[in-house]
Each structure stands twice: as structure tokens, then as C-alpha cells.
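Those sequence lines, one after another, are chains B and C. Per my numbering, residue 1 is the first one in the first sequence, and the count goes up by one each step. Per my numbering, residue 1 is the first one in the second sequence, and the count goes up by one each step.
There's no promise every hint is true.
[Stated by the list, open to error] Derived lysine-lysine pairs resembling DSS-like cross-links, with alpha carbons at most 30 Å apart:
| id | chain 1 | residue 1 | chain 2 | residue 2 |
| --- | --- | --- | --- | --- |
| 1 | C | K182 | C | K109 |
| 2 | B | K7 | C | K182 |
| 3 | C | K81 | B | K7 |
[As the list claims (entries may be wrong)] Calculated Cβ distances over 12 Å to all of chain B for the following chain C residues:
| id | residue |
| --- | --- |
| 4 | T59 |
| 5 | I146 |
| 6 | V187 |
| 7 | A200 |
No lab work stands behind these hints: they were computed from the structure. Heads up, the beta-carbon is just placed ideally off N, CA and C, and yes, glycines get one too.
Listed below are the residues making up each chain.
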Amino acid sequence: MAERLWKAAGWLAVGLLIVLPGLSLVLQSFADSWRAPSVLPQEFGLRGFEIAFSSAGATAAGLDSLLVATATTMLCLLLAWPAARALATSGINRSPVVVLLIALPLLMPPYLAGFGLTEWFIRLGLDGTVTGLVLAHTVLALPYVIVILTFGFGSRLRELEEMADLAGLSRLRRLAWVGLPSNRPALATAGLLSFLVSWSQYGPSLAVGGGRATLPVVMLPFIRTDPQVAAALGLLFILPAMAVLAWAVRSQRNPL
Amino acid sequence: MEARDPVRRLNAPGGRSSTWRQPGLLPALAVLLLLFGGAMLGALRVSLIPLGDSSGELTLDAWSGIFADPSFIDALGFTLKVALIATVISALLALLLALTLRDRGLIAKISGASPVPVPHLLVATIAVLWLAPGGIADRVLGGLPIDPVRDPGGSGVILVYVFKEVPFIALLLLASLGRSVKQREEVARVLGADRRQVFAWVIWPALRAPLLLGSLIVAAFTIGSFEVPLAVGPNYPQTLAGWAFEATRGDLISGESEAAAALLVAGAIAVALAAVSVRFARDVEGG
């Protein structure tokens, strides 16, 4: 009996806190007219998406966000892989400088990182460029990627690598055939987190983005002024995040 | 080869030199040092040298200016209040959620963790749809006892943070409630421990560190971020980062310097909180 009650309470919570809010977002994005006190919209249409794609510039912002998040993720994984490998074999707690460099960007306000970089970026001509956005997002995503990959380098990986050495594999082949496949779950988790950190970043994008607006920068003003457009942009905002999540979950299966 | 030798690794002397000798670390640390260090120096410089001042003379005007400004003091108080309440509620609910979900199936766990990848701004959008005056909740229930959206008390901001951060902390807690904890619980029960004792001696020690870490990350985030307060928070008082953003849109010269100082104050609070937490955790572990 108690178990049944728990299950019912669980489903109720999922319905109220996840399914209903999600459905309401979809409904709002297509609700051309939804006046109080009606619980359901009076008129459905594509006004929200039309404004999102025309005047709000969702296409350019979405593509920029996608490009920046993908490039940030690639850069972070590239930098973090050798760092995590070194940290896993030398002990992450040993050097206070390393710990500080990894922890501080996680503690500081993200807007501060972007704000502090703005003047340098203007002087270097990086203000308002994809490169500038990628660099600003990398500061915030790299620490997460390093920490997750460091935990992924277990003793099993080192054993596998030693076997690869004994088999006479070159360093590159060892990486491609042993290192990357055996660490796939950690790589996928780190990649997912890095993508999401960049994808949802607001403050730094606002600071160094110049005239180049990412999706969160385009979306925020509409939350206050036009909920239908905000909901339409919200759907565009969630889809790539969910796709990357699905890919990351798939990658957790069957590591080497 | 030496790095892979477990005996060498265990005996490796601690300290800076052994870590810095790892060439793999250098690119990542150089990037962090350059970009993060550059950002901090840049912000500090802007706070001390007003924009466009070619003399390069340092002045503490921005720092004294913000602490003499009542709206900044209100923003400081509002930020600390929102961060404290959101973090404490999130940590308590996450503890309950993790303990409820630990023996449940994969679907329950995935449902519980599903808000984690959802961006904060999306949750803020949904909060406005449901909780704003005339929103869905208002229509269904015929009125809400409070108006969370734009509430000067910050209840709307706190609600969005709690919704987003409870699953995040719960996920960290679930990760540390693995099989070994389960085995220790069984041993404790066999030895005659009751439920309260099992929680105090086995479960709580396993949860303490991830709970503190999760709470710290949440507190730092709520102190430093401003998109959620901009979307669902009151126009006054603002959070520190929101105050800084507003300052950049005000006076062109002093605004930038004051914004930099305000953001550095927010960062300093988060770092101080982390230092106190780490100290506290060490004391507890040591005791």
C-alpha cells in the first residue's frame, strides 16, 4: 500500500513539475491569443516563431550559439584531456595553484569573467567575434571538463594503456584505440556539461558579444515583454540541449 | 612511464614542482591563467582606473562610491538573502529527493534529474507563464496568495533556483550513495543499529562532502548570476550582478568602474564562502 502511494506521489510530482510545465511551454509558443481568465488559448498560430525568426534574429543567434558551444566543447576537451591525464597520475590535491586555477572560475560570477575580458578583447579585435565568445566560455567550462575527465582516468585505463604499450602500439594509436574508447563515458559527460555551460551562458556573452547576440541574449528581454516569443525561443533553446543529452546518455553504454 | 608507475605515483612528493613538471597540464593551465587571470586583472583595472582616463592614475572612487550608494547596499543584502534561502532550501530538498530516489528504478532517477540540463532561462520563462499575475496558476486557482514574479522579496527568483538546483545537488548525492554505502548499511543493521543510527553513522558521512560541494556551487552561482533575477526578479532591489549590469548602462565613465567593483565584491563573497566551507569541512572531518 505504502509502495503504491509512493508511486502515485512520484507520478503526480513528475506530471506537475515536469510534464505540465513542458506542455505549457509548447502551448504558449503556439498561442496567438491567450487572454485571461481562459485556461486554454483562444487562438493558435505561428506568430511567436515568426517574430523569433524575423525581428528577433533567432536563426543567426541560434547558429552562433551552436557554433560557439560546439567549438568551446572541442577546445575544452582538447585542453583538458592531457591535463586530466597528468592530474590523475600526479594527484589533484597536491598543488594549491592548480586547485585555485580550477576552482576560482567556478566560484566567480560568470559576468565578471566576460566583463574583465571585454577591454582586452576590444584591443585585440576579438570583441563581438565567435573566437572571443569561445574563449570567454572556455574559462567557465574548462574547469568542469578537467575535473570530470580526471575522475574518468581510473586505474583500469592505465592498465589498458600498459597493455597497449606492451603490444607495441604508437602513442597516437594507443589514444585512438584504447584511451578514447575506454574513457568514453567521462568524455561524453564532460562534453555534455561543457556544451550546456556554453549554450546557456548569458552574462559573458552579453559582455564580450558586442553586436553578436547568442540565443540567451536574444531570449531574455522577451520573457518580460512577449511570453509567446519567449516560449518559441525557449523551444529552440531546449532542443539542441536535449539532443546532446541523448547523445551523452548513449555514449555511456558499452565503454571499452 | 614514470607517471604510470603506481609506486612512484604514491610516493611522488607533493607540492607545486611535481605538478608543474607534468607537460600535459601546461596548455590548460596556461589558458586558464591567461584568460581567467586576464579577466580578473581587467576587472580590477577598470575598477581602479576609470574608462578613458589616459593618466593611468589609480583611484578608489568607484569602491567608495558603491559602498556609499544605498541601492548597492540593498543589492548586497538582497543577493545574500536570495542565495542563502535558495541554497538552504535546495540542499534540504535535494537530500530528501536523493534519499527517496536511491532505491527507485532508472525511470524515477531520470525523471528526478531531468531539470538538470534545462537552461535557467527556460525555467524562468515557464515560471512567468505559470506564476505571473494572470498566469496559468492564477487562472486555474483563481488567484495566488503571493505574486512570485517581480516579488521584491525575491520569492520568484528563489523558486526558479530551487527548481533547477534541487535535482543538481540530488544527482551529486546519488553518485556518492553507491553500492559500498549500501553494504555498510547492511553491516550496521546486522550489528543492531536502528534507522536513525544507520543514517547518522553510515549515510550522513557519505553525503556530507557532496552536499557541501553542491551547496557551495549553488551558492556561488546564485550570488554571481543575474539572468534569472532579470527575468523574474523585482526591478528593485537587484542582485549584485544585475546592479553591475545596470551600472554599465548608466554613467559611461564611472558606471563601468562601479560595475567592476560590484562584480568583484560578489566574487569575493563567493570565494570567502568557499574558504570558510572548506575549513569547516576539514574541521568536521578532523573531529
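Each hint tested on the structure:
1. C:K182 / C:K109: Measuring from Cα to Cα gives roughly 17 Å; hence the hint holds.
2. B:K7 / C:K182: holds (22 Å)
3. C:K81 / B:K7: Not OK: C:K81 and B:K7 at ~35 Å, beyond 30 Å, violated.
4. T59: At about 17 Å from chain B, C:T59 clears the 12 Å cut-off, so the statement holds.
5. I146: holds (18 Å)
6. V187: holds (26 Å)
7. A200: Given that every Cβ of chain B is farther than 12 Å from that of C:A200, nearest at about 24 Å, it holds.
Of the numbered hints given earlier, the model fails hint 3 alone.
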